[in-house]
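Trainee: The residues making up each chain are set out below.
Number of protein chains: 2
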Amino acid sequence: MIKSRLFTPGPTDVPPEVLVEMAKPIFHHRTERFKKLFGEVNEGLKKLLMTSNDVLTIAGSGTAAMEAAIACAVPRDKKVLVANGGKFGERWVKVAKTYGLDVDEAKQEWGLAISAEFVREKLATGRYGAVVVVHSETSTATACDLEAIGKVVATTDALLIADCITSAGTLPLRQDDWKVDIVAMGSQKALMLPPGLAFVSVSPKAWAVIDKITPPTLYLNLKAYRKSLADSDVPYTPAVTLIRGLKVALDMIHAIGIEKIWARSAVLAKACREAALALGMKIFSKQPSNSVTGIMYPEGVTDKAFRKTLREKYGCNVAGGQDWLEGKMFRISHMGYTDPVDTIGLIAVIEYTLAECGAKVEIGKGVAAAARVIKDWA
Amino acid sequence: MIKSRLFTPGPTDVPPEVLVEMAKPIFHHRTERFKKLFGEVNEGLKKLLMTSNDVLTIAGSGTAAMEAAIACAVPRDKKVLVANGGKFGERWVKVAKTYGLDVDEAKQEWGLAISAEFVREKLATGRYGAVVVVHSETSTATACDLEAIGKVVATTDALLIADCITSAGTLPLRQDDWKVDIVAMGSQKALMLPPGLAFVSVSPKAWAVIDKITPPTLYLNLKAYRKSLADSDVPYTPAVTLIRGLKVALDMIHAIGIEKIWARSAVLAKACREAALALGMKIFSKQPSNSVTGIMYPEGVTDKAFRKTLREKYGCNVAGGQDWLEGKMFRISHMGYTDPVDTIGLIAVIEYTLAECGAKVEIGKGVAAAARVIKDWA
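Chain order of the listed sequences is A and B. Under this note's numbering, the first sequence has 255 at position 255, and the numbering climbs by one with no breaks. Under this note's numbering, the second sequence has 77 at position 77, and the numbering climbs by one with no breaks.
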């Protein structure tokens with residue numbers, strides 16, 4: 001049996017418990033039953049983000065969440081600082097420009113993240129209304145210090161908008177403590193669901209700004225979602241099936257405890273890094289994220305053959321590199337429904353696949369290294 | 001997330017594809033829809049057992065299949081030879097005695113299996129109407145040479161009744177080539193289903209015997225199942241949900257190919273044996289089965305603490321020992337929905353658990369040994 005496993009940084013595997021819940025008959029969303037479910041889901045999301053903010057749920061992908069934040073929460077009379085250290089940073093620059101905003105693009109070398117010090121210097125000019133950062137830049141497998149950036153932005157009038165699509169639920173994130181004004185999140189990552197839900201959590205400081213803006217969008221107007229949520233409802237037809245699955249997934253997450261999940265992701269990421277080093281490979285990022293690990297291919301191994309063999313022969317799906325990293329690196333997700341057993345097993349089949357692709361590999365060296373890392377934590 | 005995995009020799013894990021199929025609305029069994037499904041399932045079962053016999057499906061557990069065979073197919077005017085080398089052999093002795101049969105119990109030292117030579121000598125007396133063997137004795141993780149025994153029994157008038165509950169779909173088994181008259185199978189092993197279905201495949205030689213016997217049972221009367229199956233039907237209410245799941249499971253199995261699955265089980269079993277030896281542990285059986293591996297605990301490790309930690313901390317369920325082996329060994333299944341990734345990951349968490357239980361373990365030694373075995377096959 002070739003058991004299929006997604007180690008891609010979204011979509012991630014959906015637990016059978018969630019799949020079965022979503023297979024149940026659909027019910028109507030303009031009902032008390034839906035409101036009850038939606039209210040419970042909102043509580044679970046708040047707990048996940050460690051926030052007292054309501055979390056708005058949009059039927060859409062993560063990009064919808066980020067676009068809603070940019071469309072609704074960036075003051076039109078000021079500049080917006082957008083960090084760009086990879087494909088997702090690039091996307092937020094594009095979105096901000098689409099809305100005609102005065103964008104200051106802060107380009108980072110790929111594999112590095114924007115620093116709190118840089119943000120402090122920029123904001124000291126007083127010309128910025130918002131700062132947009134990617135907490136975990138999936139394309140480069142790099143994380144920024146969101147807590148430090150939050151502390152800096154909190155001392156100013158600017159808002160901090162964070163793409164937490166591949167960080168929330170995996171990396172430590174305490175929205176209220178860290179003073180992150182807007183957190184954007186998607187369903188197909190740590191939440192262990194299929195794609196289709198986007199989430200936006202908005203601070204009171206951000207609402208004060210949003211209330212002064214008339215956004216040029218109906219579907220992504222956060223004010224409409226806030227108004228409905230006050231009655232545990234949504235302004236437009238919700239993705240009911242996904243929301244049912246979300247309830248089950250959130251219950252599973254909170255049964256374990258979010259801080260335990262953060263610790264587990266960190267150790268799985270470290271195990272993959274140590275295994276890669278033991279096998280003579282390099283980690284791409286200089287500030288590696290614990291939600292996804294980017295590993296450079298050894299000389300002579302082609303991305304196409306590697307990922308095809310890993311997928312077809314061993315059922316394991318990893319992601320390739322993006323843009324100029326295409327063909328040069330592969331990426332392993334540590335988000336959601338994955339665990340030490342999966343990760344150590346993955347390392348073994350990566351060893352086989354590397355060997356089959358012509359690399360010199362001492363079989364067992366990577367798995368033994370990974371096993372030692374995980375043991376120290378277990 | 002503690003992902004739950006069953007490495008118990010039944011029940012085994014059910015693939016999500018099967019779970020979701022079984023979650024679909026029930027339909028009535030006295031319909032053309034059911035007959036079509038049941039006909040397809042029968043074809044899949046025949047292919048699995050490599051037989052041209054019809055395979056009778058009973059709503060019940062594996063014991064029901066064996067009891068049906070004993071009740072219906074053992075001539076009352078002759079002795080029945082029942083091999084007993086473990087808990088399941090013991091059970092067939094009990095069943096045969098319950099039906100008042102003239103039982104000759106062939107006791108084996110636990111960890112050894114009955115030999116074809118022994119069977120030949122016994123049958124040479126001409127006093128036996130049937131031989132009952134356990135292909136893979138789960139309690140001792142020991143397999144007999146069913147092919148060799150089949151060849152011996154085929155030269156006589158006696159029938160060979162084989163408990164293939166933990167072998168069919170995992171160990172090589174070619175019912176027609178090997179001349180096994182009756183094969184008994186259950187759903188919760190290699191077939192990757194929940195418990196609840198029992199299967200009996202009957203050769204023409206066995207039907208000739210059965211037709212002369214009036215069994216003292218209605219529910220387990222194989223003749224009634226044969227009569228219904230001629231019309232792709234069942235005599236008593238079938239477990240429709242499980243039969244739906246069975247169709248999906250059989251399609252998954254045949255998409256891979258049964259011989260490939262046999263080869264995979266053998267390599268997973270060998271990987272576990274090599275890992276155990278690398279970690280300084282002993283294999284219990286002298287004729288180890290490739291469907292389940294029995295490993296002796298190292299000095300000082302208690303079964304209760306070991307399996308509790310493995311289950312609660314790492315989500316992995318293995319079986320303990322039975323009878324006098326209780327507390328002395330643990331057993332790992334290689335049946336059904338398990339693969340190299342699971343098996344190598346399991347070895348790692350077994351290493352952690354042994355260490356936590358006080359054994360001296362060099363972390364990574366077992367996984368590296370297992371990884372090397374699987375690589376040689378991959």
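FYI, nobody ran anything at the bench for these hints, they're computed from the structure. The structure displayed is predicted, hence computed values, not measured ones. Mixed in with the good hints there might be a few duds.
If several chains are the same, the list does not tell them apart, and a pair holds so long as it fits within one copy or across any two.
[Stated by the list, open to error] Below, in silico cross-link-like pairs of lysine-lysine (DSS-like), each with a Cα-Cα straight-line distance of 25 Å or less: (1) Lys365 / Lys36; (2) Lys360 / Lys107; (3) Lys365 / Lys375; (4) Lys205 / Lys223.
Trainee: Run every hint past the structure and note whether it holds.
Mentor: Going through the hints against the structure:
{"no.": "1", "hint": "Lys365 / Lys36", "verdict": "neither (51 Å within a copy, 52 Å between copies)"}
{"no.": "2", "hint": "Lys360 / Lys107", "verdict": "neither (37 Å within a copy, 52 Å between copies)"}
{"no.": "3", "hint": "Lys365 / Lys375", "verdict": "both (15 Å within a copy, 13 Å between copies)"}
{"no.": "4", "hint": "Lys205 / Lys223", "verdict": "within (14 Å within a copy, 78 Å between copies)"}
Violated hints for the displayed structure, listed by number in ascending order: 1, 2.
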